[in-house]
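*Asks:* Sequence:
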Amino acid sequence: MPKNVSILLSLLEYEFKNDKYINIALTHSSYINEHNLKDTVSNERLEFLGDAVLDLIIGEYFYYSHKNLKEGSLSKLRSKVVNENSLYKIATNISIGDFMYFGKGEIKNKGNLRESTLSDCLEALIGAIYIDGGLDAVRKVILRLFHDRIMEVENLKSLEDYKTMLQECIQRNKMGNIKYVIYDEKGPSNDKVFYSNVLINDIIIGNGYGKTKKSSEQLAAKNALIRIGELDV
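Residues 1 to 233 in our numbering are what the sequence shown spells out, letter by letter.
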(Lines of atoms letter the chains of each structure in order from A; the text may use other names.)
(Lines give C-alpha, C1' and ligand atoms only; values in the text may rest on other atoms or scores of the structure.)
Protein backbone atom coordinates (compact mmCIF):
# COMPACT_ATOMS: atom_id res chain seq x y z
CA MET A 1 0.00 0.00 0.00
CA PRO A 2 1.17 3.56 -0.66
CA LYS A 3 2.43 5.63 2.24
CA ASN A 4 0.21 8.13 4.03
CA VAL A 5 -0.24 11.01 1.61
CA SER A 6 0.04 13.55 4.45
CA ILE A 7 3.79 12.94 4.39
CA LEU A 8 3.92 13.96 0.74
CA LEU A 9 1.79 17.02 1.41
CA SER A 10 4.23 18.17 4.08
CA LEU A 11 7.08 17.79 1.59
CA LEU A 12 5.16 19.79 -0.98
CA GLU A 13 4.18 22.35 1.66
CA TYR A 14 0.71 22.41 0.17
CA GLU A 15 -2.69 21.38 1.54
CA PHE A 16 -5.34 20.36 -0.98
CA LYS A 17 -8.81 21.84 -0.74
CA ASN A 18 -10.17 18.86 -2.65
CA ASP A 19 -8.39 15.55 -2.04
CA LYS A 20 -9.71 14.00 -5.23
CA TYR A 21 -7.08 15.86 -7.27
CA ILE A 22 -4.10 14.46 -5.40
CA ASN A 23 -5.67 11.00 -5.48
CA ILE A 24 -5.97 11.21 -9.26
CA ALA A 25 -2.42 12.55 -9.57
CA LEU A 26 -1.06 9.54 -7.69
CA THR A 27 -3.05 6.91 -9.60
CA HIS A 28 -1.19 5.10 -12.38
CA SER A 29 -3.19 3.66 -15.28
CA SER A 30 -1.99 0.14 -14.38
CA TYR A 31 -3.89 0.31 -11.08
CA ILE A 32 -7.13 1.25 -12.83
CA ASN A 33 -6.73 -1.42 -15.50
CA GLU A 34 -5.91 -4.15 -12.98
CA HIS A 35 -8.87 -3.33 -10.74
CA ASN A 36 -11.24 -2.61 -13.65
CA LEU A 37 -12.15 0.80 -12.21
CA LYS A 38 -14.18 2.15 -15.10
CA ASP A 39 -15.33 5.24 -13.21
CA THR A 40 -11.80 6.18 -12.04
CA VAL A 41 -9.31 8.20 -14.08
CA SER A 42 -5.53 7.92 -14.06
CA ASN A 43 -3.06 10.78 -13.73
CA GLU A 44 -2.42 11.07 -17.47
CA ARG A 45 -4.65 14.10 -18.09
CA LEU A 46 -3.24 15.91 -15.06
CA GLU A 47 0.27 15.10 -16.28
CA PHE A 48 -0.58 16.77 -19.60
CA LEU A 49 -1.77 19.88 -17.78
CA GLY A 50 1.12 19.91 -15.31
CA ASP A 51 3.63 19.77 -18.14
CA ALA A 52 2.17 22.99 -19.59
CA VAL A 53 1.99 24.70 -16.20
CA LEU A 54 5.59 23.81 -15.39
CA ASP A 55 6.80 25.22 -18.70
CA LEU A 56 4.84 28.40 -18.02
CA ILE A 57 6.17 28.99 -14.49
CA ILE A 58 9.82 28.24 -15.27
CA GLY A 59 9.57 30.21 -18.51
CA GLU A 60 8.03 33.12 -16.61
CA TYR A 61 10.85 33.00 -14.05
CA PHE A 62 13.57 33.30 -16.69
CA TYR A 63 11.57 35.87 -18.68
CA TYR A 64 11.65 38.29 -15.74
CA SER A 65 15.09 37.38 -14.38
CA HIS A 66 16.95 37.61 -17.72
CA LYS A 67 15.50 40.57 -19.58
CA ASN A 68 18.42 40.75 -22.00
CA LEU A 69 17.97 37.25 -23.44
CA LYS A 70 16.17 36.44 -26.65
CA GLU A 71 13.62 33.67 -27.11
CA GLY A 72 16.13 31.00 -28.14
CA SER A 73 18.33 31.56 -25.10
CA LEU A 74 15.32 31.61 -22.77
CA SER A 75 14.12 28.32 -24.21
CA LYS A 76 17.54 26.81 -23.65
CA LEU A 77 17.57 27.92 -20.01
CA ARG A 78 14.11 26.50 -19.43
CA SER A 79 15.05 23.17 -21.01
CA LYS A 80 17.98 22.89 -18.60
CA VAL A 81 15.50 23.05 -15.72
CA VAL A 82 12.48 21.30 -17.21
CA ASN A 83 13.58 17.91 -18.47
CA GLU A 84 12.98 14.30 -17.48
CA ASN A 85 16.25 14.02 -15.59
CA SER A 86 15.48 17.06 -13.39
CA LEU A 87 11.91 15.91 -12.85
CA TYR A 88 13.08 12.43 -11.90
CA LYS A 89 15.59 13.77 -9.36
CA ILE A 90 12.94 15.91 -7.69
CA ALA A 91 10.41 13.07 -7.80
CA THR A 92 12.86 10.74 -6.05
CA ASN A 93 13.84 13.44 -3.54
CA ILE A 94 10.25 13.50 -2.32
CA SER A 95 9.88 9.70 -2.78
CA ILE A 96 6.87 10.20 -5.01
CA GLY A 97 6.73 6.55 -6.02
CA ASP A 98 6.02 5.53 -2.42
CA PHE A 99 2.69 7.38 -2.55
CA MET A 100 1.48 6.13 -5.93
CA TYR A 101 -1.12 3.50 -6.74
CA PHE A 102 0.22 0.87 -9.16
CA GLY A 103 -1.07 -2.42 -10.49
CA LYS A 104 0.74 -5.47 -9.12
CA GLY A 105 2.00 -6.32 -12.58
CA GLU A 106 3.54 -2.88 -12.96
CA ILE A 107 5.34 -3.26 -9.64
CA LYS A 108 6.51 -6.77 -10.55
CA ASN A 109 8.03 -5.41 -13.76
CA LYS A 110 9.55 -2.51 -11.78
CA GLY A 111 7.53 -0.02 -13.76
CA ASN A 112 6.98 1.84 -10.50
CA LEU A 113 10.68 2.70 -10.55
CA ARG A 114 10.74 3.88 -14.15
CA GLU A 115 12.16 7.36 -14.60
CA SER A 116 9.44 8.50 -16.99
CA THR A 117 6.67 7.20 -14.69
CA LEU A 118 7.89 9.14 -11.67
CA SER A 119 8.55 12.25 -13.74
CA ASP A 120 5.05 12.10 -15.20
CA CYS A 121 3.57 11.76 -11.71
CA LEU A 122 5.38 14.90 -10.55
CA GLU A 123 3.88 16.77 -13.50
CA ALA A 124 0.47 15.34 -12.59
CA LEU A 125 0.89 16.66 -9.05
CA ILE A 126 1.71 20.08 -10.46
CA GLY A 127 -1.42 19.91 -12.60
CA ALA A 128 -3.46 18.88 -9.55
CA ILE A 129 -2.17 21.78 -7.46
CA TYR A 130 -2.90 24.18 -10.31
CA ILE A 131 -6.54 23.05 -10.53
CA ASP A 132 -6.97 22.93 -6.75
CA GLY A 133 -5.19 26.12 -5.74
CA GLY A 134 -4.62 28.23 -8.84
CA LEU A 135 -1.59 29.80 -10.46
CA ASP A 136 -0.11 31.58 -7.43
CA ALA A 137 -0.24 28.42 -5.32
CA VAL A 138 1.37 26.20 -7.94
CA ARG A 139 4.02 28.84 -8.66
CA LYS A 140 5.15 28.74 -5.02
CA VAL A 141 5.35 24.94 -5.05
CA ILE A 142 7.22 24.78 -8.35
CA LEU A 143 9.78 27.44 -7.45
CA ARG A 144 10.37 25.71 -4.11
CA LEU A 145 10.76 22.23 -5.62
CA PHE A 146 12.93 23.41 -8.49
CA HIS A 147 14.94 25.98 -6.50
CA ASP A 148 18.18 24.01 -6.40
CA ARG A 149 18.08 23.18 -10.10
CA ILE A 150 17.27 26.78 -11.00
CA MET A 151 20.23 27.95 -8.93
CA GLU A 152 22.50 25.45 -10.67
CA VAL A 153 21.43 26.82 -14.03
CA GLU A 154 21.75 30.41 -12.79
CA ASN A 155 25.31 29.72 -11.66
CA LEU A 156 26.09 28.28 -15.06
CA LYS A 157 24.43 31.34 -16.61
CA SER A 158 26.73 33.66 -14.63
CA LEU A 159 29.57 31.88 -16.39
CA GLU A 160 27.72 32.02 -19.71
CA ASP A 161 29.45 30.23 -22.54
CA TYR A 162 29.09 32.90 -25.17
CA LYS A 163 31.54 31.07 -27.42
CA THR A 164 29.19 28.10 -27.60
CA MET A 165 26.22 30.40 -28.18
CA LEU A 166 28.05 32.12 -31.03
CA GLN A 167 29.16 28.81 -32.54
CA GLU A 168 25.59 27.51 -32.49
CA CYS A 169 24.30 30.73 -34.03
CA ILE A 170 26.84 30.60 -36.84
CA GLN A 171 26.10 26.96 -37.57
CA ARG A 172 22.34 27.51 -37.41
CA ASN A 173 22.50 30.41 -39.85
CA LYS A 174 25.29 28.93 -41.99
CA MET A 175 27.36 32.08 -41.66
CA GLY A 176 30.75 30.52 -42.34
CA ASN A 177 33.95 29.75 -40.43
CA ILE A 178 34.79 31.20 -37.03
CA LYS A 179 38.13 31.76 -35.36
CA TYR A 180 39.57 33.64 -32.40
CA VAL A 181 42.80 35.63 -32.44
CA ILE A 182 44.70 37.00 -29.44
CA TYR A 183 46.14 40.09 -31.03
CA ASP A 184 47.73 41.75 -28.01
CA GLU A 185 48.63 41.31 -24.35
CA LYS A 186 49.65 43.99 -21.90
CA GLY A 187 50.95 44.22 -18.37
CA PRO A 188 53.46 42.26 -16.28
CA SER A 189 53.53 38.47 -16.44
CA ASN A 190 51.61 38.13 -13.17
CA ASP A 191 48.88 40.61 -14.16
CA LYS A 192 48.42 40.42 -17.91
CA VAL A 193 45.43 41.56 -19.90
CA PHE A 194 44.69 39.71 -23.14
CA TYR A 195 42.99 41.29 -26.14
CA SER A 196 41.16 39.19 -28.71
CA ASN A 197 39.12 39.36 -31.88
CA VAL A 198 36.56 36.89 -33.14
CA LEU A 199 36.28 36.59 -36.91
CA ILE A 200 33.77 35.05 -39.27
CA ASN A 201 35.23 34.34 -42.70
CA ASP A 202 38.23 36.46 -41.65
CA ILE A 203 36.04 39.49 -40.89
CA ILE A 204 36.18 40.85 -37.33
CA ILE A 205 32.74 40.82 -35.74
CA GLY A 206 33.67 41.21 -32.07
CA ASN A 207 36.49 42.00 -29.71
CA GLY A 208 37.19 41.52 -26.05
CA TYR A 209 39.72 41.62 -23.27
CA GLY A 210 40.30 39.83 -20.00
CA LYS A 211 42.76 38.50 -17.44
CA THR A 212 42.84 35.17 -19.28
CA LYS A 213 42.70 34.25 -22.93
CA LYS A 214 39.45 32.39 -22.30
CA SER A 215 37.69 35.32 -20.65
CA SER A 216 38.92 37.62 -23.41
CA GLU A 217 37.47 35.32 -26.07
CA GLN A 218 34.21 34.98 -24.14
CA LEU A 219 33.78 38.75 -24.12
CA ALA A 220 34.62 38.91 -27.81
CA ALA A 221 31.95 36.28 -28.50
CA LYS A 222 29.42 38.17 -26.36
CA ASN A 223 30.09 41.40 -28.25
CA ALA A 224 29.75 39.52 -31.54
CA LEU A 225 26.35 38.15 -30.44
CA ILE A 226 25.22 41.68 -29.61
CA ARG A 227 26.47 42.97 -32.96
CA ILE A 228 24.59 40.37 -35.00
CA GLY A 229 21.41 40.85 -32.96
CA GLU A 230 21.39 37.55 -31.04
CA LEU A 231 21.86 39.20 -27.65
CA ASP A 232 20.56 42.46 -26.27
CA VAL A 233 22.89 44.88 -24.53
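Treat the hints with care, as some may be off.
As the list claims (entries may be wrong) - Derived DMTMM-like pairs: lysine to aspartate or glutamate, alpha-carbon spacing no greater than 25 Å straight-line:
| id | residue 1 | residue 2 |
| --- | --- | --- |
| 1 | Lys108 | Glu152 |
| 2 | Lys174 | Asp191 |
| 3 | Lys104 | Asp184 |
| 4 | Lys20 | Glu34 |
| 5 | Lys70 | Glu60 |
| 6 | Lys211 | Glu115 |
| 7 | Lys76 | Glu154 |
| 8 | Lys89 | Glu34 |
| 9 | Lys80 | Glu34 |
| 10 | Lys163 | Glu71 |
No lab work stands behind these hints: they were computed from the structure.
*Asks:* Can you name, in rising order, the numbers of the hints this structure does not satisfy?
*Replies:* 1, 2, 3, 6, 8 and 9
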